[in-house]
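Chains as they are written, first to last, in the working numbering: chain E, 266 to 398; chain P, 1044 to 1471.
Hints may be right or wrong, so weigh each one.
[What the hints assert, rightly or not] Okay, the calculated beta carbon distance ranges per label pair:
id, chain 1, residue 1, chain 2, residue 2, range
1, E, I360, P, A1233, 56 to 64 Å
2, E, A365, P, G1292, 34 to 42 Å
3, E, A365, P, E1254, 39 to 47 Å
4, P, W1339, E, H382, 56 to 64 Å
[To be verified] Computed from the model, here is a short list of chain E residues facing chain P with C-beta under 10 Å:
id, residue
5, C324
6, V328
7, E345
8, F355
Derived from the structure by calculation, the hints contain no laboratory data.
In this text, a Cβ means the ideal position worked out from N, Cα and C, and glycines have one as well.
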Amino acid sequence: MYQEVILQHYRTPKNFGPLSGATASGEESNPLCGDHIRVELKVSDGGVVEEVGFSGDGCAISVAATSLLTQKVKGRPVAEVEKISREDVFQLIGIPLSPARIKCGLTGFVALGRALHGEPSGSVSASEPVGSP
Amino acid sequence: MDVARLRNDFPILGRRIHDRPLVYLDSAATSQKPRCVIDAVASFYAEHNANVHRGVHTLGEEATDAFERAREKAAAFVGARDPAEIVFTRGTTESLNLLAHGLARTVLERGDRVVTTVLEHHSNIVPWQILRSERGIRLDFLDIDDGGALRPEAIDDAPGLRTRVLTVTQVSNVLGTVTPIRELAERAHARGAVVIVDAAQSAPHYPIDVERLGIDFLAFSGHKTLGPTGIGVLWGRADRLRSLPPYQGGGEMIREVHQDRVLFQEPPARFEAGTPPIAQAVGLGTALDYLGRVGWEELADHERKITERMYRMANDRFGGRLRIFGPGPGAARNATFSFSLPGVHPHDIASLADADGVALRSGHHCAQPLMERLGVPALTRASAYLYTLPEEIDRLGDCLERIEALFARAPTRGNVANRATPDLNTAT
Ligand SMILES: Cc1ncc(COP(=O)(O)O)c(C=O)c1O
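Please take these sequences and the hints and turn them into a complete structure.
Rendered as structure tokens:
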């Protein structure tokens, strides 16, 4: 069920670790499993993703998917990276995901999208700090 | 207790999942249902279906009788003095929300203190957090020690505040810990607080006697107690129930409605607006009868055996690596086990176990404050019940061994090896 490539990317992810000199970053978390992934990009003046890094923690599916995704985007123009779709990510993962695991497969993808578009992290952190005396 | 024979009562246990016999270890989420419960629901619809309390026709009377008999059974189940102390709700969650709503409108004032615990399910935290933000109450969480046991003394903290409510689970849905309700209730009552017990995880496993516990309210869910979904029980001491305002308005809960005024029913009708879950109540009554026939002593014995088997399996096969959180096998606990296996994320464990036909649950188990307290982002939970065979614990062991081996094959690199202590405890 879990192919060797997923396990390899989980234990030895590519482009793992914080990126110094990053020009953009995005995060996504999955409160259900406590997963949290941060993707950082170094985009050149010419609009090319020169460097990419990710950090955080997750299950094999989310870490491996992000690792595979970072390999795919490194060195590519932003315009091309923006065209990557969910389906492309599922193809990278290469194994069918059950409905409950689709979110895991897309955690890094969502974080990457936020990095590209400079959106604030959309994690469900809207707790209620109001009124606690 | 003849578990092998008892299993024949549960049709679903004959299922195969991915071509393997089902090993159902998710009973803390919902229990499976014996044939008699499924039949009771079906025969209600097939033979007696009508709305309750309204019709004078025969079916209406039969349905009302069946519904009210279920209330009597629920009352006997928790040791209530009077069936009128039983309110049927949708489940534990609705029971607790009803209480938070009602107490906010009666006893709670700005600055008053509500005490809960870090062991709670979100359904016993969030309703009070809503009151904190809307009404300015103070919410305190009793802490646990490293073995997962509550520290009741902390109820006595904050002597300057009015402690109005203690709301506490009787069994943790994550750790299986049994909490000392009587001691907690005594301390809370000494502060003048109302005492609420979340019995969602205790009702399926232990006999409940609300009078002996010395509490004011108790809630549990039918579906974790061999019964249908959509039915829950709220027990309230008669005077306490009477002092609460209605939760929802509608049919059944009124005595008189005029354009300029409305008179409400006495409990329990006051809290049962609209058409209740009738067939579900009937099914619950049948489920409680079934549990009564099994016997609590037998069930406790059985769960002790399962617990010993689980700890032995963890120890013999995994040494210290398979870490079961919470109190050990000798402590007051039920057969709910949340554990971690280094290097394998709980989600991956549950996915891979499913491929072996083993149903586990992974995640935060609706108890994020407890996860934070334990310092883990997520855990895998195996929860057993009366139909769990000791051999199924061994099948769990087989499957965890396979999963561990699978993840151990790939080489480890330093920076990800210690993912067990990530920085995401703070990332909600
Ligand atoms: C301790 C505890 N309290 C409350 C609940 C909520 O029960 P329900 O979802 O049936 O309302 C659960 C269910 O998971 C639970 O384990």
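Tested hints:
At about 58 Å, the CB distance of I360 (chain E) to A1233 (chain P) agrees with the hint of 56 to 64 Å. In this structure the supplied range 34 to 42 Å holds for A365 (chain E) paired with G1292 (chain P), their Cβ-Cβ distance being about 38 Å. Look at A365 (chain E) against E1254 (chain P): about 43 Å separates their beta carbons, and that is inside 39 to 47 Å. For W1339 (chain P) paired with H382 (chain E), a C-beta distance near 58 Å keeps the hint of 56 to 64 Å intact.
Interface restraint check for C324 (chain E): the shortest CB-CB distance to chain P comes to about 4 Å, inside 10 Å, so the restraint holds. For V328 (chain E), the shortest C-beta to C-beta distance to chain P is roughly 8 Å, which falls under 10 Å, so the interface hint holds. Checking E345 (chain E) against chain P: minimum C-beta separation of about 28 Å lies over 10 Å; hint violated. Annotation: F355 (chain E) was flagged as interfacial toward chain P, and the flag is violated, the nearest CB pair being 16 Å apart, outside 10 Å.
Going down the numbered hints, you'll see the structure goes against 7, 8, while the others check out.
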